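Trainee: Each chain, letter by letter, is given below.
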Amino acid sequence: MGRISLTEMEEGSEGSVTSIEGGHGLRARLDAMGIRPGVNITKVSGQFMRGPIIVRVGTTQIAIGFGMATRIIVEV
Amino acid sequence: MVKKILLMGNPNVGKSVIFSRLTGVKVIAANYPGTTVEFCRGCIGSGASKVDVIDAPGTYSLEPTSPAEKVAVALLERAIEEKDTIIVNIIDATNLERNLNLTLQLLKKDVPVVVALNLWDEAKHIGISIDAEALQSILGIPVVSTVAITGEGIKELVTHLANAKTGEYHYVDEERWHEIGRIVDKVQVIKHKHHTIGERLGDLTIHPWTGIPIAVASLFLLFFVIRFIGEGLITYITDPFFDSLWAPVMMRISVLLGADSLLHKIIIGQLIDGSIDFGESFGILTTGLYVPFGAVLPYILAFYFVLSVLEDSGYLPRLAILLDNALHAIGLHGMAIVPMFLACGCNVPGVMATRILETKRERFIAATLMSISIPCVAQTAMIFGLLGKYGARGLLPVFVTLFVVWLITGNLLRLLVRGESPEIFTEIPAYRLPHFPTLMKKLWMRIYSFLREAVPFVLLGVLIVNLLYALGAINAAGRAIGPLTTWLFGLPFEAVGALLMGFLRKDLAVGMLAPLDLTMKQLIIASVVLTMSFPCIATFMVLLRELGITGMIKAGAIMLCAALLVGGTLNLIL
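Protein sequence lines, in the order shown, are assigned to chains A and B. According to this note's numbering, the first sequence is numbered sequentially starting from 1. According to this note's numbering, the second sequence is numbered sequentially starting from 1001.
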């Protein structure tokens, strides 16, 4: 149990979003896609060399740039 | 009085398919977020009951983050102001929770709404069942389930338009997701199903270890399929048609006109060794018809067939993710491959599709890059025709050079153009088996637009070329600019006409090189310079609109400098 960013999560593991370390713009964009504190998120895959992170939220798969993903804090 | 219907919803929920179903107006739809970047208008009914239908680009919320989303929100704002519009909010039934976010935002606005619960069949298929009636009574507005692709539920949707109501669902903004959660709990039941084969395949194409080899293999496969279909159609259909059926007719006309008349020059062109050569004769009815129908159309068909399958399958966003890092090198993110792919067909929709990119910087880089280094399929087909006889030795230098130019120019633009480039952030749609009739309709639309928009230009171009030759204008231009092109590119004076004609139609311009007896090296240089130097007039107009005058001047200057530099370099090293 601990709080880590989405980039540090293991592939295939599930966690719950605890916070989003960013301004209003970032929070609004993530919120519109259903990523917000309290939701369950599954990491599907990462990519080589700090590429995008792929997650599943509910029934949707979403690709998130690495930088953005470091600001999404998850409790696993 | 209702005068308009505005279709709104998240990206990739099937708005454009519903639009086509409602209005009969054909629009391009595909399986990736951001297919529609501009609104599209059609109508239903007739006479006094005629109502305009507007297909808006998709948006996740009413706070837009890209130009395409801004278009959607602006359309909504106008609808609220004019008080004559019904909103049809299209929801992806497989993603109810996220889609309701927009719905609830719409319900706060003073505008009547009807909900279409689309992709109903797919939702059932993956074990999601939604109680549409319960949703209707909770939201207080009509909810109709639809399967747009087959037309199921469209009639019901139309009859329910009359019952559209302004939302009466009250909630506080901060509690929106909480409210959505409560609604979803009441109306949706998800039966757990095992991973489908599609999902397993989906995961394989996105994990880097398996995804990258699959991507490389699929791109090669696509290229060979295009070449196979294109060459096959030319060898077995268009060439035999022109050689054995059309040529004799032309010879008759040639005899009737008399070989020396001006009319003969314009209609038939030059006879080569006493007979017609469709590549070189250059009359309106010979080369003028052969270029678009004989040489280009087969490749248009092949390319757009493959592109349409690629679009509708849902593979493009996955490719975007795998190539994301590579595109960072040129100041863009992965989704920029969508406009780049479209540009391989024609730069005009390519430039339009840059609207899915969030910032002005990205749009400038992407639009400039594609006009410099991506030849449209019509031009590519002609280059294949011209250099194909040398095989890879003739073709590779052209396309490798253009790729290197794409990389280097992109890198320089990344360093020089100020502004931001955000990271990729996109929904990955589920794989779908392309619906064959829809695919064919889309293919036909694209072929039709080539026939309608390109063919007249080619014919006009042949006419202009012949008249300018007859007036001596092309030779005069050749003498004026020729010394420069000879010194820099090693091209003869006569090639100047082709370079200038590139502004009208690039395929025709490549065709003009055919009668010049150029060496392989000269053909390679001319093909590269023609691609890079200046956009054709259609691309020029759309660049002007999307980038503005200053942007266009900057892009134009970059193209010209790059073309001179690369053409000159090729002349030295080849």
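None of these hints come from the bench; they were simulated from the model. Predicted model only: the values in this text are computed from it and were never measured. The reader is advised that the hints may include incorrect statements.
[As the list claims (entries may be wrong)] Below 20 Å or equal to it, Euclidean Cα-Cα: the simulated SDA-like pairs (lysine to any residue) are: (1) Lys1070/B - Asp31/A; (2) Lys1389/B - Tyr1236/B; (3) Lys1083/B - Val1071/B; (4) Lys1108/B - Asp31/A; (5) Lys1389/B - Met1520/B; (6) Lys1360/B - Leu26/A; (7) Lys1186/B - Met49/A; (8) Lys1191/B - Gly23/A; (9) Lys1108/B - Thr42/A; (10) Lys1265/B - Met1520/B; (11) Lys1026/B - Arg1041/B.
[Unchecked claim] Label-pair distances were calculated between CB atoms; the ranges are: (12) Arg1176/B - Gly12/A: 29 to 39 Å; (13) Gly25/A - Val1002/B: 52 to 62 Å; (14) Ser13/A - Glu1156/B: 40 to 50 Å; (15) Phe1503/B - Gly25/A: 36 to 46 Å.
No residue lacks a Cβ here, since even glycine has one placed at the ideal position from N, Cα and C.
Trainee: May I ask which of the numbered hints given earlier this structure violates, with the numbers listed in increasing order?
Mentor: Hint check: 7, 8, 9, 10, 13 fail, others pass.
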